[in-house]
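Just add 941 to the spot in the sequence shown (first one is 1) and you have the working numbering.
These are computed hints drawn from the structure, not numbers from a lab.
Everything hinted at is true.
Here are the simulated DMTMM-like pairs of lysine to aspartate or glutamate, each with C-alpha atoms no more than 25 Å apart in a straight line: (1) 973 <-> 995; (2) 973 <-> 1035; (3) 1002 <-> 969; (4) 973 <-> 991; (5) 973 <-> 1012; (6) 1002 <-> 1012; (7) 973 <-> 960; (8) 973 <-> 1018; (9) 1002 <-> 1030; (10) 973 <-> 997; (11) 1002 <-> 965.
On a predicted model such as this, the values are computed, not experimentally measured, just so you know.
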Amino acid sequence: MVTKQFSGSPEDSDLRRADSLAREIFSDVANKWALLIIEALGEGTLRFSEVRGEVEGISHKMLTQNLRMLERYGLVERCVHPTVPPRVEYTLTEPGQGAGAGRSM
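Could you build the full structure based on these sequences and the hints that come with them?
Okay, here's the thing in structure tokens:
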């Protein structure tokens, strides 16, 4: 992991660090698949296979990677129901709904 050193006041350093983090998150989330997943989940809670059906052309691997990334950034909530077989549902969080609303402008 690379640690960036910032010169200037602590406040400037905090602002630069926050800006850098925001840019990194945006570059991850602003990919084709993530935006299509957010759009699909904007309709409501979906299971993995339902999301895959809504996002045409996405592979199982890409859907898994993007759902994990969206969950890590707090845009998607994953709910596992203790049934056999396990039932997993995905829902947009409030920030995720905001991201979806911004896309439809």
